[in-house]
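Participant: Spelled out from the first residue to the last, the chains are:
Protein chains: 2
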Amino acid sequence: MNFKPMRKASIISIGNEILSGQTVDINTSYLSGKLFSVGIPVVSFYTIGDDVDLIVRTMNFAGDDADVVLMTGGLGPTDDDLTRQAFAKFLGVELELQNELVEEIRSFFVGRNLLMPEKTKIQAYMPAGAKSLLNKFGTARGIMAHKKGKLFVAMPGVPVEMKQMFEESVLAELERMASGQAIVVQKLKCFGTGESGISELLGPIMQRGRNPLINCTSEYGVITLSIIATAEDKDKAQRMVDKDELLLTELLGELIYGRGEQTLAEVVGEKLAQQGKTIAVAESCTGGCLAKLLTDIAGASRYFTYGWITYSDKAKISELDVEPDLIEKYGSVSEQVAKTMAEGARKKAGTDFAVGITGIAGPSGGSGQKPVGLVYISIDSDTGCQTRRIDISGDRDFIRLRAAQIVLNMLRLKL
Amino acid sequence: MNFKPMRKASIISIGNEILSGQTVDINTSYLSGKLFSVGIPVVSFYTIGDDVDLIVRTMNFAGDDADVVLMTGGLGPTDDDLTRQAFAKFLGVELELQNELVEEIRSFFVGRNLLMPEKTKIQAYMPAGAKSLLNKFGTARGIMAHKKGKLFVAMPGVPVEMKQMFEESVLAELERMASGQAIVVQKLKCFGTGESGISELLGPIMQRGRNPLINCTSEYGVITLSIIATAEDKDKAQRMVDKDELLLTELLGELIYGRGEQTLAEVVGEKLAQQGKTIAVAESCTGGCLAKLLTDIAGASRYFTYGWITYSDKAKISELDVEPDLIEKYGSVSEQVAKTMAEGARKKAGTDFAVGITGIAGPSGGSGQKPVGLVYISIDSDTGCQTRRIDISGDRDFIRLRAAQIVLNMLRLKL
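The listed protein sequences derive, respectively, from chains E and S. Basically this note's numbering = 1-based index in the first sequence + 1027. Basically this note's numbering = 1-based index in the second sequence + 1027.
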């Protein structure tokens, strides 16, 4: 690359519970994505136990290659939380009690009508000279300090606390450091084909070493394509990304449902809100998964009003007016019942759209004719009722979530 | 500990594609579980890019703390696979061509009616004096060598190749190294207090360096306590775990809801099924989260029958017979509405229990009197209706899931 040496980052996760597999580390991929998006590539991840000497040595080791070292975990109040102590040792300073932090912690508990446990007082200690970072959701403040021109930051391991702190107190500092180097990433979200399908459609565009690099990952049927352009300034990288985005849009057409971190539920919700339409759901096998996805979105009350989880036949009959004869004749997992559930829900809720889902999520309850993974989905609207049979391979979780995503994709294409 | 010092392990994943998030590293958790089960705890994971110097330095750094260093990745035939070269440099030896390996690779391709690509010849080179490990599913042989009494192993990054190689050529060596040490782990799951609350109840039992070690982690209010006993044989370690489990059960009482990987929904479901009881849910702010948790469990249809997601006031009125006047007077987020939702749901579903939840999940919609995070939970049963006000700090996701977990815990204590 023909520009000044890039700033690089390293991430250290601290916690015995991660090493032993008790806790899954979701912080590292979050931070890695964020670092990348400001133009600072990550050159190493480290996961280590709660051990003062090992933390200090790893901070030194990570700092050999990286200009920024972000750490998570070990700032709690218990005896096995040792990041605070290690940070002070790494800087060669003492931990100092900060009285205003004692008050802050006390008021955190008072606000919740709780007594402040004596142990939490340790969280009011900071390495001398380091900056303490506000934690809006807990009592573990973060720590930020420079050593030999490099930036070291310790944040809590609890993801919700870490994310808030990172975004409010760390991100701006990183953006300052990354000036003069740029990585621009644009994600395109697709639904309707698998990774190999995408790979066939895109061909040589997906080659390694290409700039922009096109990255592909898959989760519950949602394919994320990342266009990653590296250049000496943001504008140039952005132009490279824009060009590729056009190209991909042409090649993939309506397989692309959104950009960035958009979920299918978000896109469907936006379309409903824009068009002033409302929706109701009647779920059997998905047991609330679809309603949850729709209401995960803030402001969902603009379009989502009613939901039924009619897990038993009795509930389908009493709540959605499904005819007992229909269940008798075709079984509760059938095209006919899915359709009647959707129609019944729309009639009762008085919405523009209503969904009926019935299927076999397993692991038991399947048969030769109706295997585990068989799901009927029906969408009723004033243009009539559309019903689809789908067959999903996977475990109970996968079948339920995949079925809910397929409904959302059907709704997207309908809207 | 009154026996010989424990053997410890470290794992290094090598590959630019892992750092950039293109490939998810599933090898580390597999190896970590295997190492643990033979009695060798893992003290660190490292993820680094394909860079000879960084690999050598990381091997040295990992070897400072560990007796066994397992590496995966970077043994392929392409230019960015550099683990072979790094391993030789680490040992201070040259790479030597092994003619029998050239033949092996050639026959791998011949057996598949393919021409051997010239590039794959690099895979027939081994660091002088190192042992090469058979790969049944590919051409990337593994490398095993000792340095300063410590064991270093490089395996391919492709999980199926790595697993086969580990089990056939590495596991036995590790068992030999671990003879005379055993680890037994038992997890206890708790709900009803935070980490600092647990820590106060357990006091010195949670001290670091104690054997068994008591480890504590928290997720959406669920506290997992792991009792980790280390001894010279499995039986002794098991007895130590059993003893501590009794002690913790005494100290924590009904804060403990389960063992192993049990979820609150599983425990509640089991109790309902055992007692032949049924449940219905009426959710507003949680929008299906509670129904989803209950129906995540296979066999939930034994006790879960009906659910309503009454997101709008209209739905609360039409589906659950909540009086419009009540909503007018107290607001839809109120003790009174939660109670009427639960009562209405139980009446309509004819179940033994019914839950009503109404609250403000945010991010908007809060006010001074009714802030974001305020949730009313009501459980109706034939012994009457119990209603609780709770205040949750966090984002929309956290508030919704935490509220659902609190309901499950209330149900557990009721059952």
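There could be a bad hint or two in this list.
Note that the list lumps identical chains together, so a pair holds whenever it fits in one copy or between two copies.
Pairs of lysine-lysine, PhoX-like flavour, derived with a Cα cap of 20 Å [stated by the list, open to error]:
no., residue 1, residue 2
1, Lys-1177, Lys-1214
2, Lys-1177, Lys-1116
3, Lys-1341, Lys-1148
4, Lys-1441, Lys-1216
5, Lys-1263, Lys-1174
6, Lys-1270, Lys-1163
7, Lys-1298, Lys-1397
It is worth saying that the hints were derived from the structure and are not from the lab.
Participant: Next, verify each hint and record whether it holds.
Facilitator: Each hint, compared with the structure:
1. Taking identical chains as interchangeable, the C-alpha atoms of Lys-1177 and Lys-1214 are never at most 20 Å apart, the minima being 30 Å within one chain and 40 Å between chains.
2. Taking CA atoms no more than 20 Å apart as the test, Lys-1177 paired with Lys-1116 passes inside one copy only; the shortest distance there is 16 Å, against 29 Å between copies.
3. In this assembly of identical chains, the alpha carbons of Lys-1341 and Lys-1148 never lie at most 20 Å apart, being 55 Å within a copy and 48 Å across copies at closest.
4. In this assembly of identical chains, the alpha carbons of Lys-1441 and Lys-1216 lie at most 20 Å apart only when taken from the same copy (18 Å versus 44 Å across copies).
5. Proximity of Lys-1263 and Lys-1174 under a CA criterion of 20 Å is satisfied in neither setting, with 33 Å inside one chain copy and 47 Å between copies.
6. Taking the closest pair of Cα atoms, Lys-1270 and Lys-1163 never come within 20 Å of each other, the shortest separation being 40 Å inside a single copy and 40 Å across copies.
7. Taking the shortest Cα distances, Lys-1298 and Lys-1397 never come within 20 Å of each other, neither inside one copy (34 Å) nor across copies (30 Å).
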